[in-house]
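In case you want the letters, here they are:
Protein chains: 2
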Amino acid sequence: MTFEQFMEHYKQEIEACMKRTISATSSDQKLEQSMMYSLEAGGKRIRPLLVLATLIAYGKDPKLGYETAAAMEMIHTYSLIHDDLPAMDNDDYRRGKLTNHKVYGDATAILAGDALLTKAFEIIANDINLPATTKIELVQLFAKNAGVAGMVGGQQADILGENKTLTLEELESIHQRKTGALLTASVLSGAIIADATKAEQETLMKFSEHIGIAFQICDDILDVIGDAVKMGKKTGADFDLQKSTYPALLSLEGAKQALTEHTTAAKHALGMLDIDATYLLGLTDLIALRDF
Amino acid sequence: MTFEQFMEHYKQEIEACMKRTISATSSDQKLEQSMMYSLEAGGKRIRPLLVLATLIAYGKDPKLGYETAAAMEMIHTYSLIHDDLPAMDNDDYRRGKLTNHKVYGDATAILAGDALLTKAFEIIANDINLPATTKIELVQLFAKNAGVAGMVGGQQADILGENKTLTLEELESIHQRKTGALLTASVLSGAIIADATKAEQETLMKFSEHIGIAFQICDDILDVIGDAVKMGKKTGADFDLQKSTYPALLSLEGAKQALTEHTTAAKHALGMLDIDATYLLGLTDLIALRDF
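Protein sequences appear in the order of chains A and B.
Residue 326 in my numbering is what sits at position 169 of the first sequence, and the numbering runs on without skipping anything.
Residue 280 in my numbering is what sits at position 123 of the second sequence, and the numbering runs on without skipping anything.
Chain A on its own, in the form it takes in the complex:
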């Protein structure tokens, strides 16, 4: 399977798994529609694909990771819904579509986010293909990386950092939590399901941290040079808010240089492991070389 076939095939599997899970719930229809609206709003599904690519790298059946991958995408999606709210970033569009609250209203958008986060833990716990000890490890990993010590803490730090000039260290600390934590959890969840050793998990964590920073640098660069139509949202937004960004701190050329360094370091980490890293390498390039 080529990398493109890998992407296409498993994107469909993940989307089918998410749809199955939501429509299995018997509750309020508007709320489920709101949840599905954002789950179906697209995106490259990088996080769930990292789960499956890690499983495949260890020669495991990727089916073992479908529920975990779907859970990860639900956590990512809930964070976008809440992030777009008027009380947060106040975005009307994401990926060229109206944001959740613009379609369903703020109250339903808050609840849809809450429901997706809750559902993520539910589908991990309900996964019939994994033993209880593995599932508990996954709940621990997801909760730690999505919560106050991870993504949510990063979102808060990001808000507090607006209109301030941050150092590169402060900027990286925020992004490691806000963006990096879920990417790390994606890779490590695949490693946990594949029974990777602790030492291997350490190396995969280094890989994840580098792609997390690369991801953010790339986002910041795209925000400067990106094209409004391609991104599907207003560009230059980070400059409007006087946020610290990599290009602002390092210049555009410096940011591109840092992007290359982190991408190289990520690939170097993969090279330390006795795995078939083909798809993980493909995802690294996908993350680092988005449209420029």
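FYI, nobody ran anything at the bench for these hints, they're computed from the structure.
All values reported here derive from a predicted model rather than from experimental measurement.
Ideal Cβ positions, reconstructed from N, Cα and C, are used throughout, including at glycine.
Label-pair ranges, simulated between beta-carbon atoms: (1) Lys363(A) - Glu165(B): 44 to 52 Å; (2) Leu443(B) - Glu326(A): 49 to 57 Å; (3) Met429(B) - Ala356(A): 49 to 57 Å; (4) Gly200(B) - Ser180(A): 30 to 38 Å; (5) Lys201(A) - Met429(B): 49 to 57 Å; (6) Glu359(A) - Ala289(B): 21 to 29 Å; (7) Gln186(B) - Ala422(A): 26 to 34 Å; (8) Ser180(A) - Leu409(B): 38 to 46 Å; (9) Ala173(B) - Leu446(A): 49 to 57 Å.
In silico SDA-like cross-links for lysine to any residue, where the CA-CA straight-line distance does not exceed 25 Å: (10) Lys187(B) - Gly262(B); (11) Lys187(B) - Gln333(A); (12) Lys217(B) - Ala289(A).
With chain A held as given, fit chain B onto it using these hints.
Coordinates of chain B only, in the frame set by chain A:
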């Protein structure tokens, strides 16, 4: 230990457990302060006390339920924070204190709620006193009852039901999810930790459903006859929004009659079980006989 001593002692244990868990997190201080602000805003801690009372009823060490009880209170607290937001009920006060978003702002309040929900699953998964299989059962139970099929679905249905006249069945369906689901999960989580049989769990579920309805009827009655100072929030709010309530559907006397019937039925269910139901009976009276 008298019922009053039980309440006082375990309220403190639960509060200490919550505080320990939050301060163990190394992240953004403002976010943790916001989380603790609402966790410390008081209340009778009925849900976590139901967890521990159920354990005690089965002769188990209540310490086995501390983390689960704390997790339950965190889920309840997150739901209050999000419910009070301007986009939802827009409440400025709860229990006589400013609501979370009035103190920390809407963005932090949204994130504090998200972080508390995530933390709840984390502390269940991290509980060193319970086996993985039990913890997975607890995650399943909490996620199901707090999510789209439970509490969050009930909140959404409640919003959609505003300004509409509901039948008694519709009203009960909403409250079973919005309020009842967490009360049920509290009792059942105690039963799961205590290794109660499935048949016993069924009976305890009936008990929970009756106290859930009793809880809501009591809330509605207090809203009509309650005293603003005692409640610490504006009364008559449900009438302002033209919400369907038990007194509106059944008259005040009819609502009081229904409250008695559900309380009696709850106690009857407890009587079917070979357990020491002292504290569960005490909590039933506490739920049903609040200040009138």
